Amino acid sequence: MSSDQTLLDVVKSEWIKFRTVRSSVMGVIVFFVLTLGLGGLISWAVRSHWNQTNGPSRLGFDPVSTSLAGILFAQFAVGVIGVLFITSEYSSSSIRTTLAAVSNRLRLISAKTIVLAASLILVSEVVCFATFLLGQAIFSGVVPSASLGSSDVLRSVLLAGLYLTLLTIAGFALGLIVRQSAACISIFVSVLLIVPIIFAFLPQSWQNSYAKYLPSELGRSMMSPFPAAHHLGAWNALIVLLVYVIIVSGVGVTLMIRRDA
Amino acid sequence: MQRMLKIDHLTKHYKDTVAVNDLDFEVKPGVVTGFLGPNGSGKSTTMRIILGLDHPTKGRATIDGNNYEDLRSPLHEVGALLDAKAVHPGRTARNHLRALAASNRIKRSRVEEVLEFVGISSVADKKVGGFSLGMSQRLGIASALLGDPPVLLFDEPVNGLDPEGIRWIREFFRSLAKEGRTVFVSSHLMSEMALTADQIIVIGRGALITQGSVDDLTATAQGTVLVRASDLTGLTRALEAKKALVQATSDSGLTVTGLTSEEVGDTAFKAGITIHELTPQRASLEEVFMDLTADSVEYGTSMPGAMPRE
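Protein sequence lines correspond, in order, to chains A and F.
Just so it is clear: in the first sequence, position 103 is 103 by the working numbering, and no numbers are missing.
Just so it is clear: in the second sequence, position 198 is 1198 by the working numbering, and no numbers are missing.
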């Protein structure tokens, strides 16, 4: 008699699925290229204009966030990886084949989340450390640079990778709720890109009190060594982001279990 | 290893439509059971509920008393081919099967076995998005067989297969049943089921119309009698007096419904009409099916062969 299905079996299965489609592989490549390419470019621009940079700007310069700046663009790539990991199953209706093989839906979602989180934390940390080191190498000698020896710097780079991983999970959870790739990606981009723009038109006092809770601002807090004005500290920002991800995931899991596939 | 598939007073509503209405039947091991109904009659919905994909509004579908969600190793219990195109188009056939196999702890060598068995080994490393419907059907059959399950479900499996493939699949269903498995095959073509199935379940508009063996179904069907005679007008009058339905055939004969051939012969004799031919005609299974489901065709055409013109 065959043995019972376990979470580990489903994790293995989802790992095969994750690495055998072009969307996830391409997503990871785009993520690499965007983060390192743009991070390097921005760092280079700062270096070449450093002589014309005035005193106050020099004082406000943060070599850590600047070297990580590519993340602001790359975060959409990881979001798409998370979204497509589930919505592609709905668009191709392969979700039915999947659920016939893994009838316990909570087990399926857990396995997918584990595969996504494990691969993304690995990739994101590698990318974040690489772009940080690239940036510092570009700065060295001309612009003040940062070192991983400082605990605040190390924390910023580590949390930058965690921010990207959590965004991927959020994209995945959004996919569970919306189930359509295009709609899902639009929502994801709107929250990170459009909502902050809308916020900029609100009264200054509102911006000061609430803008810090926007996911993109939480990311900014997490990946800079010093808290900016009207921003949360890095660890508090992480907690708020975690709460968001847990809420979206909770709704996603509940709907996934209740709805017809 | 034998498993009974039981549909227990199953009802499924989608918003305001009733897809399945108090459906109740059993599918036994060791035979091929055909699941027949016109398009939109609720066959696929029933199949989806059996697999736990859709949740029933009322009632349940069980495999030896268990809900699908409670199966401990689903692919080892039930193999299913619902929609051959329900695979990620960007993945290769081999990787698709490997992922499925891994989820139920099935050995890699089994993947190669089923690929070989359905005859798609040579295209196993091609992306399934480029597969023809026939190749996709074979891949679907391969995935249903992965876990060597005692229960097998196939939704419209002959769609897209060439005649050779259709013959192959008929033999294949038979052999699965002979091994003691429960084989449940849906189709909207009675003629196909007549050749494949031992037992038949007919549904229309989500409700059970009839069930039984293929022979039972044809036996209960109302036959007709073909008669040729010297005086057709006189015979028609005499037969209609006996409350029979009489229709002239194109080649100067009469088709009589509602009387046996003995009764037709006796009537003609009493009316003093010479009979030239008297042939009882057994209804084909196809006609039985059309008869049974006439009231429940969801998307019926108004008249056979009549195309609307401008």
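Errors might be hidden in some of the hints.
Claimed, not checked - Anything over 12 Å on all C-beta distances counts as not near chain A; from chain F, calculated:
id : residue
1  : ILE1049
2  : ASP1054
3  : LEU1071
4  : VAL1087
5  : GLY1140
6  : PRO1163
7  : VAL1214
8  : THR1249
9  : PHE1269
10 : ILE1273
11 : HIS1276
To be verified - Simulated crosslink set (BS3-like; lysine-lysine; CA at most 27 Å straight-line):
id : chain 1 : residue 1 : chain 2 : residue 2
12 : F       : LYS1126   : F       : LYS1178
13 : A       : LYS12     : F       : LYS1006
14 : F       : LYS1127   : F       : LYS1085
15 : F       : LYS1107   : F       : LYS1178
16 : F       : LYS1028   : F       : LYS1058
17 : F       : LYS1028   : A       : LYS12
18 : F       : LYS1127   : A       : LYS12
19 : F       : LYS1015   : F       : LYS1028
20 : F       : LYS1127   : F       : LYS1178
21 : F       : LYS1058   : A       : LYS12
22 : F       : LYS1006   : F       : LYS1178
23 : F       : LYS1006   : F       : LYS1028
Calculated from the structure, these hints are not laboratory results.
Here the structure is a predicted model, which is why all the values come from computation and not from measurement.
All C-beta atoms, glycine included, are put in the ideal place defined by N, C-alpha and C.
For the pair supplied as a hint, F/LYS1126 and F/LYS1178, is the alpha-carbon distance within the 27 Å limit? 34 Å, violated
Given as non-interface: F/HIS1276, which should sit over 12 Å from chain A by C-beta: 59 Å, holds
Has the given pair, A/LYS12 with F/LYS1006, been kept, meaning a C-alpha gap of at most 27 Å? Status violated; Cα separation ~33 Å.
Verify the proposed pairing of F/LYS1127 with F/LYS1085, using a straight-line Cα cut of 27 Å. 12 Å, holds
Does F/LEU1071 really sit off the interface, with its C-beta more than 12 Å from all C-beta atoms of chain A? Violated: least Cβ distance 6 Å, not greater than 12 Å.
Examine each Cβ of chain A, and state whether all of them lie more than 12 Å from the Cβ of F/ILE1273. Non-interface label on F/ILE1273 holds, nearest chain A Cβ at 63 Å vs cutoff 12 Å.
27 Å limit on alpha-carbon distance, applied to hinted pair F/LYS1006 and F/LYS1028: 9 Å, holds
Closest CB-CB distance from F/VAL1214 to chain A, is it above 12 Å? 29 Å, holds
Beyond 12 Å from every chain A Cβ: check whether that's true for F/VAL1087. The claim is violated: F/VAL1087 sits with its nearest Cβ about 5 Å from chain A, within 12 Å.
Are the Cα atoms of F/LYS1058 and A/LYS12 separated by 27 Å or less? 35 Å, violated
With the threshold set at 27 Å, check whether the alpha-carbon distance from F/LYS1006 to F/LYS1178 stays at or below it. Holds - the C-alpha atoms of F/LYS1178 and F/LYS1006 are around 20 Å apart, at most 27 Å.
Below or equal to 27 Å on CA atoms is what counts here, so check F/LYS1028 against A/LYS12. Judged against 27 Å, a Cα distance of about 35 Å means the pair is violated.
Comparing the model with each earlier hint shows violations of hints 1, 2, 3, 4, 5, 12, 13, 17, 19, 20 and 21; every other hint is respected.
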